[in-house]
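Working from the sequences, and respecting the hints, build out all of it.
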Amino acid sequence: MELIIGGAFQGKTAYVKENFVISDEDIFVCEKDSAPEFDKKCIAHIERFSYWCVEHGFEPAEYLFEHAENLQDKIIVSDDISCGVVPINKTERAWREANGRLLIKLSKESKHVTRIFCGLSQRLK
Amino acid sequence: MRIFISGGAKNGKSMFAQECAKKLAKEDHLWYLATMEPRDDEDLARVARHRNERAGWGFKTAEWGRNIALHSDEIDCRGTYLVDSVTALLSNEMFVGMAGDINKAAPQKVAAELLDFSEKAENVVFVSDNIHCDAAFYDEWTDSYRAGLAFVDRALAEKCDVVAEFSCGQIIFYKGAELI
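In order, the protein sequences belong to chains F and Y. Read in order, the letters of the first sequence correspond to residues 1 to 125 in my numbering. Read in order, the letters of the second sequence correspond to residues 126 to 305 in my numbering.
Source of the hints: derived by calculation from the structure; they are not laboratory data. We treat Cβ as the ideally placed atom computed from N, Cα and C, and that holds for glycine. Check each hint, because a few of them may be wrong.
Stated by the list, open to error - Heads up, incomplete: computed chain Y residues facing chain F, CB under 7 Å, no partners named: (1) Y270; (2) R279; (3) G301.
Claimed, not checked - With a cut-off of at most 25 Å between alpha-carbon atoms, the simulated SDA-like pairs for lysine to any residue come out as follows: (4) K245(Y) / Q233(Y); (5) K284(Y) / A246(Y); (6) K300(Y) / F20(F); (7) K17(F) / R271(Y).
See below:
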């Protein structure tokens with residue numbers, strides 16, 4: 001598994017496409033108001049999947065590992081939502097923490113963890 | 126030499142940027158390019174604080190809050206410029222006129238003008254801000270600005286010789302560490 005993280009709009013998708021030679025058809029973009037699919041090579045905006053989980057009473061890490069096959073072959077991309085002010089909204093607070101737990105788990109399982117900053121990469125693992 | 130520095134607020138970016146500019150500058154060709162256009166007493170106090178912090182460093186100040194390209198005749202081609210900040214410049218260019226108006230072409234304009242400027246000066250140190258790592262849903266207006274700033278940051282980072290992020294006073298290099 002490859003985990004790619006970074007702030008919003010930093011060029012994570014462009015990095016994935018260039019470095020793993022994949023196209024838009026290989027990328028599933030999660031949405032916070034619909035159930036995810038895990039059959040594509042790359043799962044992008046997994047932080048939105050985390051939001052969907054929180055709203056539906058699931059723990060993202062548990063849900064993902066139960067429902068996704070061949071996770072070890074996937075490229076997973078998440079916005080870093082861990083900084084900034086603690087959200088005043090209860091769901092958003094739970095979301096921020098659930099996504100953090102998910103990323104720690106994914107980071108442990110990943111072969112590489114890469115952080116993108118202004119389009120440039122940094123290898124964290 | 127072109128240097129790009131970003132990071133969260135109060136992490137040591139400005140002081141490092143000043144030190145870099147001072148080291149790179151030849152004789153008295155040291156410039157502080159102030160981009161913030163003060164709008165209230167809080168802004169004026171911030172300007173005064175920054176001026177105090179730079180006192181004695183030998184910076185001359187250029188106050189260009191927008192339309193950098195219009196100043197191309199004034200650029201000191203032997204100059205080392207500290208551009209503080211990309212964030213304020215984009216804000217001036219993007220939010221014009223009535224509240225709620227957005228100039229969506231501003232990020233492309235700012236990126237092109239700053240890169241052009243950086244080719245005319247001897248050295249440029251850009252300071253920007255990392256406003257992209259929080260858990261919040263913004264209105265379209267704010268999110269356009271966040272995306273716009275990231276666009277300018279990526280364009281500058283691609284061309285700069287040195288790219289670094291600051292975190293609690295520590296520097297994280299993305300490229301060019303050997304040049305500093």
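Satisfaction of the G301(Y) interface hint, Cβ to chain F closer than 7 Å:
violated (10 Å)
Given the hinted pair K284(Y) and A246(Y), is their Cα-Cα distance within 25 Å?
Measuring from Cα to Cα gives roughly 14 Å; hence the hint holds.
CA of K17(F) to CA of R271(Y), is that 25 Å or under?
holds (22 Å)
Measure nothing beyond the straight line between the CA atoms of K245(Y) and Q233(Y); if it is 25 Å or shorter, mark the hint as holding.
holds (19 Å)
25 Å Cα cutoff - pair K300(Y), F20(F)
holds (21 Å)
Under 7 Å, Cβ to Cβ, is where Y270(Y) needs to be relative to chain F, so tell me if that hint holds or is violated.
Violated - the Cβ of Y270(Y) stays beyond 7 Å from chain F, reaching only about 11 Å at its closest.
Have a go at the R279(Y) hint: is there a Cβ in chain F nearer than 7 Å to its own Cβ?
Holds, because the Cβ-Cβ distance from R279(Y) to chain F comes to roughly 4 Å (cut-off 7 Å).
In this structure, the hints that do not hold are numbers 1, 3, in rising order.
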